[in-house]
Amino acid sequence: MKATIAQYYAGDSLLHRLDPRAKLVAVSALAVALFVRDSFAGLAVYAAAAVLAYLLSGVPLVWFWRAFRPLLWLVALTFVAQVVFAPGEPFFSFGFIHLSWRGLELAAFLSLRLVVLVLVGSVLTLTTPSMALTDGLAWLGRPLRRLRVPTDELALMVTIALRFIPTLLVELDTIMRAQRARGADFRRGGLRERTRSLVPVLVPLFVLSFRRADELALAMEARCYRPGAVRTRLHPLRAGWADAALLVAAAIVIAAGLLV
Amino acid sequence: MSPSPDETPPLFDISGLHYRYAGAQADALADLDLKVHEGEFVAVVGANGSGKSTLARLLGGLEKPAAARHALACGHDLLVEDGRMAARRDVGVLFQNPENQLVAQCVEDDVAFGLENLAWPAADIGRRVDEMLARFGLEDLRRREPHMLSGGQKQRTALAGVIAVPRRVLVLDEPTAMLDPVGRDEVLRAVREMRDEGLAIVYITQEMDEAAGADRVVALERGTQAYAGDAGGLFADAALVRRLGLGLPAAGELALALAEQGRGLRDLPLTMDELLVALGYAT
Ligand SMILES: Nc1ncnc2c1ncn2[C@@H]1O[C@H](COP(=O)(O)OP(=O)(O)OP(=O)(O)O)[C@@H](O)[C@H]1O
Ligand SMILES: [Mg+2]
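Quick note, the sequences are listed as chains L and B, same order.
Just so you know, the first sequence maps onto residues 1 to 260 in our numbering.
Just so you know, the second sequence maps onto residues 1001 to 1283 in our numbering.
These aren't lab readings, by the way, just hints derived from the structure by calculation.
Mixed in with the good hints there might be a few duds.
Have a look at the derived ranges for each label pair, beta carbon to beta carbon [to be verified]:
hint	chain 1	residue 1	chain 2	residue 2	range
1	L	Leu61	B	Asp1140	23 to 29 Å
2	B	Thr1008	L	Gly228	34 to 40 Å
3	B	Pro1009	L	Leu137	45 to 51 Å
4	L	Arg177	B	Gly1262	46 to 52 Å
5	B	Val1080	L	Trp65	55 to 61 Å
6	L	Ser28	B	Asp1140	34 to 40 Å
To list a few chain B residues with every Cβ distance to chain L over 12 Å, as calculated [to be verified]:
hint	residue
7	Asp1013
8	Gly1049
9	Asp1196
Note that CB positions come from ideal geometry on N, CA and C, so glycine has one too.
Just chain L, with the same shape it has in the complex:
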């Protein structure tokens, strides 16, 4: 079973080797620019940059496909919305369907923007292990420590949560199969019955999780973990010239997209 969020593709491309902090900053800045800019020309610049990033990542296209599949619905929905609430002068009308050039253009723009956004985000998560991502986020969030936000502890918490998602999915599957073997049916019935049929699944899952949290805390203490203590890392974050180059390149792309 595969967890679909924060999936990582083990590779050795230039993008894989970049510092997660630089990648996070570049991608967030690009995402903001994508939403600020509302012309096809600007979008084209960002799309070109995203495609270039995809090519540099060395990640097979099928891996991106997994991220895009749920997106298709959103794209379809965007088009439907534009068809129903068509802005501007319609060139074709039938019942409640109105097609206008302005509406189609808007739908295409919104869809393309979404695709570019997901492409850029996927390049980030596919080339960066989630542990490095959380480390990078913790570092970027460091100023918050002045406000007594325990950023390092939060980062570790997120890492552990991500590590257990696949385990939980397997357990959920096991429990559901056990209940099904005893005659439970999770697909039949109205919303109420279906919700009720989930109770015998979720209760054991919660119990398991509480016991797990206890045991995990113990195992962490046994390995000398103390919240708030100074820790080092096996792979400390190390930014170099390539990371500076990435930030400069991102700045140029963003500026170009805003100016064209």
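Assemble the complex: chain L is given as a structure, and chain B with the ligands must be docked to it using the hints.
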């Protein structure tokens, strides 16, 4: 691997130890004594709920004893907070469920976790992790995610993570109980190697075959010590074995079955080798 009781101070020196869980009616451990010396392999056996895991947690400095005449782990006083923190460094504790001991998203990061907590420099962590991965045959799995590991691989990773922090003694709480036969062999082999290197080990188990090879066996009964001595002495006392809810090693069970068929053996064999010798198939 004979212990040297007189030369060095014991690694564990526990006397009159009590522990009670919050809200419980009775002590989980009561008036317990335990001494473990350098290089010793001590098996701890007992029925479910007899207090074995509680003992493991106390020995590792992970829980505060309710009372004790004295409770020393590697010279650290378990009765005070600082002593327990120091004990956590010298005493390695491995638990039963491998799944619930792995915190990181890949094998090498998990092995590094203890050293990161002790703020070792990155280069030293890297070297130590490589050493551990080689030792437990995990090099090819270093970037593997925990949920993609077999049970035996998970438990070996957990063991590597425990040992990565240089330890003076190990407490293993039923490390093979949740594994299939292959995984069990993997873990047992790793344990045997550490024992051969002279690392002292307290080995908690429900498997009498695993206890039979120990230098010494301690049996717990409702939190108190019901037996301490060599394995032969425990298994020879059929009434005690029954009362403690234990069994015999497979070789012993076979020998009893043979005895019922009129082929009684003089001494109860504890291992298959001993059984073969006793039956005259080997020397
Ligand atoms: N967290 C807890 N809170 C309250 N009581 C507990 C807790 N953990 C264990 N106990 C109780 O303490 C006693 C000893 O439990 P312990 O887990 O140490 O036994 P054990 O010998 O390890 O058993 P097993 O063979 O099942 O692992 C039992 O009566 C148990 O019910
Ligand atoms: Mg136990």
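Quick rundown of the hints versus the structure:
1. Taking the beta carbon of each, leucine 61 (chain L) and aspartate 1140 (chain B) are about 28 Å apart, inside 23 to 29 Å as hinted.
2. For threonine 1008 (chain B) and glycine 228 (chain L), the hinted distance range of 34 to 40 Å is satisfied, since their beta carbons lie about 36 Å from each other.
3. For proline 1009 (chain B) paired with leucine 137 (chain L), a C-beta distance near 47 Å keeps the hint of 45 to 51 Å intact.
4. Between arginine 177 (chain L) and glycine 1262 (chain B) the Cβ separation comes to about 50 Å, which falls inside the hinted range of 46 to 52 Å.
5. Taking the beta carbon of each, valine 1080 (chain B) and tryptophan 65 (chain L) are about 59 Å apart, inside 55 to 61 Å as hinted.
6. At about 36 Å, the beta-carbon gap between serine 28 (chain L) and aspartate 1140 (chain B) stays in the expected band of 34 to 40 Å.
7. Distance check for aspartate 1013 (chain B) against chain L: the nearest CB is about 20 Å away, which clears 12 Å, and the non-interface claim stands.
8. Chain L leaves glycine 1049 (chain B) outside its interface by the beta-carbon criterion, the shortest separation being 16 Å against a cut-off of 12 Å.
9. Remark: the non-interface label on aspartate 1196 (chain B) is consistent with the geometry, its nearest Cβ contact in chain L lying 24 Å away (cut-off 12 Å).
Consistency note: the structure conflicts with none of the earlier hints.
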